[in-house]
Amino acid sequence: MGLWRVFYADWQMECCGTPFSVGDEVSWPLLLDEGGEALGGGWSGEIGEITATVEHVRDDGAEIRVLRADDGLVVALGADPEDDVPSDGVSSGGDGVRPGPGRRVTRSGLLTVERHGARWPETTGTVRTIHLVHQDFAEITPGSHTREPVPASRSSEAVDRCPKWFGEGRVGVLAELHVPGPRP
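Okay, so the sequence shown: first residue is 392 according to the working numbering, each after it adds one.
Hints are not guaranteed to be accurate.
[Stated by the list, open to error] Taking lysine to aspartate or glutamate and the EDC-like style, the derived pairs with C-alpha atoms no more than 20 Å apart in a straight line are:
(1) 555 <-> 567
(2) 555 <-> 405
(3) 555 <-> 451
(4) 555 <-> 415
These are calculated hints, taken from the structure and not from any lab test.
Based on the sequences and whatever the hints tell you, model everything.
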């Protein structure tokens with residue numbers, strides 16, 4: 392069993408999501424943001440460390456690497472770094488060789504819900520808490536109409552239900568997901 396923090400971006404929910412409440416059982420396709428750079432970074436308190444077995448999943452002819460943890464967490468990997476560090480502490484040596492299926496690795500990052508692109512196995516769990524995430528944005532240069540996150544301006548508030556639609560400055564929710572164990 393595990394307790395994981397998962398960021399569900401506003402645009403992912405508004406496009407293809409189904410609102411949920413504290414206590415609901417949900418199934419989500421998760422992606423590991425290893426840099427934790429969503430919304431300009433600064434997620435250190437929400438970064439999770441996962442030790443799991445590498446699997447390769449095929450979708451429409453493409454191969455996706457996923458991690459399957461003993462507690463039932465299943466998460467897809469984005470780009471493959473040259474160096475994977477297996478849980479036994481032995482690196483691939485920087486030679487670009489990735490651990491094959493069945494190899495255990497340890498990875499850290501922000502877990503995010505990803506409803507677009509390839510399909511991979513979902514993680515099922517019960518929502519324990521929900522925090523509505525607020526983020527300030529500012530124009531990169533005056534008059535550019537291009538905005539970026541303002542560092543250290545993120546805040547959150549506890550809510551009982553994830554909204555379907557988010558207003559100005561609301562960028563998603565951070566949910567605590569209790570994963571009871573692997574699905575049979």
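Evaluation of the provided hints:
no., hint, result
1, 555 <-> 567, "18 Å, holds"
2, 555 <-> 405, "6 Å, holds"
3, 555 <-> 451, "29 Å, violated"
4, 555 <-> 415, "15 Å, holds"
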